[in-house]
Each structure stands twice: as C-alpha cells, then as structure tokens.
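Generate the whole structure from the sequences, applying the supplied hints.
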Amino acid sequence: MGQLSRRIINSQIHATSYTDACDQIMAWAKQKRSCYVIPANVHVVMTAFWQKHYQTVVNDAALVTPDGMPLVWGLRLLGVKGQQRVYGPDLMLACCDRAAKEKIPIYLYGSTSDVLAKLKDNLKQWYPNLIIAGSHSPPFRPLSPEETEEEIKQINDSGSAIVFVALGCPKQEVWMAQQVGNIQGVMIGVGAAFAFHSQQTAEAPRWLMKLGLEWLYRLATEPRRLWRRYLINNPAFLILFTLQFIQYWTLFLLGLKPENSSNNELTK
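Residue numbers for the sequence shown follow the working numbering, beginning at 2 and rising by one.
Do not take every clue at face value.
[As the list claims (entries may be wrong)] Within a straight-line C-alpha distance of at most 20 Å, the following computed PhoX-like cross-link-like pairs (lysine-lysine) qualify:
hint	residue 1	residue 2
1	K172	K53
2	K125	K104
3	K102	K33
4	K154	K33
5	K104	K121
6	K82	K211
7	K104	K33
8	K104	K31
9	K82	K258
10	K102	K121
11	K102	K125
I should point out that these hints are in silico values taken from the structure, not numbers from a laboratory.
What follows is the structure, encoded as structure tokens:
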C-alpha cells in the first residue's frame, strides 16, 4: 500500500493512525518480516539531526509514527490534513490488543526484571488471550558478540512475531537496526512504555499531552536527566522546522513540488 510521509527536519515521518499502523504491523508479524518501527518525537528527530549514523537508522525504519505532538503539528503544517498522534505507549497497547485477538506471540525486551514482571502481570490482566512468548532484561553494559547471539536465539526460539524494545533513545533504535535480518519479527521501540504500563512511572496528564507539553511534565519530574534534551533540542527543532515550513510553502506557491513530499511504499 502507498504510505504518505513527510520529511521533518531530516527524518521521514509517516502519516498514519493507530488502526493503519496496527494493520501494517500485524501483516508484517504474520510474515515474520524482520523490520522495525519507530514512534518518533522531537528527541528522535533532533538526535538524528545531530548524529548522521542515527539519521540513517531512523530513515531505514519500516514505519516511523508521529509520537510527539510537535511532529503531528508538523505533518499538518506540511499538508497532511487531520493527522493525529500515534503515541508509542498507546501503540504498544493497541498492538497487544490486536495480537491477543489474532494469537500473535509477543516478546518484551528491555528495562529491569522487576518492571518486566509487573508489566507481564498487567498485560495478562488487560489482555487475557495475549501470548507473551518471553521477556528479557539485558544488562546495562555493552554485550559481547556471544551474548548478543544468545539473546537473538532466545527471542527467535520463543516463537514471537512482535518484539517490543524498551532501551531508550537512541540505544533502542540502533539495536533494532542492528538486528534486522537476525530477529525474525517486527521490532517496535517503545521507550518508557514498559515503565508506564508496569505502573512504575506516571505518565503526563492527557490534557498536557494534547497541548504538546508532555516534555514540561517530564522535565519537572526528571530535571537532571532531561534538561539538556529539552532545553537544547526543543528550541533547535522550532528554528529548523520554521525554516523548513517557509521553504516548503514557498516552493508550493511557486508551483514546484517540495522535496520533502513523499508517498513511500510500505509493502504488506
């Protein structure tokens, strides 16, 4: 199927919805297609802007959803009418719901053993028919080639077709890109979703999310860890996107096709 997308700064973001994204992910999972999905926010887009290798990782993803409201607004301003947010933690639950109904096994990779234990309990309570084929909390250090090989074998032997990955940005996206062709299934980077759905960490209020101020809530709760991410990346994003917006509509009004307008193909 043809998938509309727009380049925001240097990252290609797909104009999708929860339903369309889940449809695509389930189709890939049934094929055991080795690919990865990135719910992208300003942090992802700006990390990609600063780091060329990570930019390649983002643009090589099979699907990149607008996880953050600034990207939703960006897509709308670049001509995608009615675009809605496709938020990683909610996408995870939507996929779990579909996977339970379609009997597609999932795997949970990342976070800590305690978080995983609580997360599995909650998911089984919310989706009784969900098949959780396995889970693993990797050590917080670089893995040896032998350890990586063993982890991949463990995931593949579990029979899972969807692997939720919670290692944080940019680590989880780089890890998923490295495992394309190795892991037999769809990998989805979900960041803090494990902490949220295990109820170890509180999400921002929904009304703040709708206003695009989730970052302010997270900055207030974790200032030492997140100040650089938000106080540097957010203003830089605003400046760069404003310049892009002016260029886009100038070309459009001149009758020229803006170079960031794309109908990339997502193959079912």
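Comparing the hints with the structure gives:
Under the criterion of a C-alpha separation no larger than 20 Å, the hint pairing K172 with K53 is consistent with the structure, at around 15 Å. Using a Cα cut-off of 20 Å, the hinted pair K125 and K104 holds, with the two alpha carbons roughly 13 Å apart. With a C-alpha separation of about 17 Å, the suggested pairing of K102 with K33 holds against the 20 Å cut-off. Between K154 and K33 the CA atoms are separated by roughly 15 Å; this keeps the pair inside 20 Å, and the hint holds.
Distance hint between K104 and K121 is fulfilled; the C-alpha atoms sit about 16 Å from each other, no more than 20 Å. This hinted pair checks out: K82 and K211 have alpha carbons roughly 17 Å apart, not beyond 20 Å. At roughly 14 Å between alpha-carbon atoms, K104 and K33 fall within 20 Å of each other, so this suggested pair holds. Under the criterion of a C-alpha separation no larger than 20 Å, the hint pairing K104 with K31 is consistent with the structure, at around 10 Å.
For the proposed pair K82 and K258, the alpha carbon gap of about 17 Å is at most 20 Å, so the pair holds. A hinted pair counts as satisfied when its Cα atoms are at most 20 Å apart, and K102 with K121 qualifies at roughly 17 Å. Distance check on the hinted pair: K102 and K125 sit about 13 Å apart at the alpha-carbon level, within 20 Å; holds.
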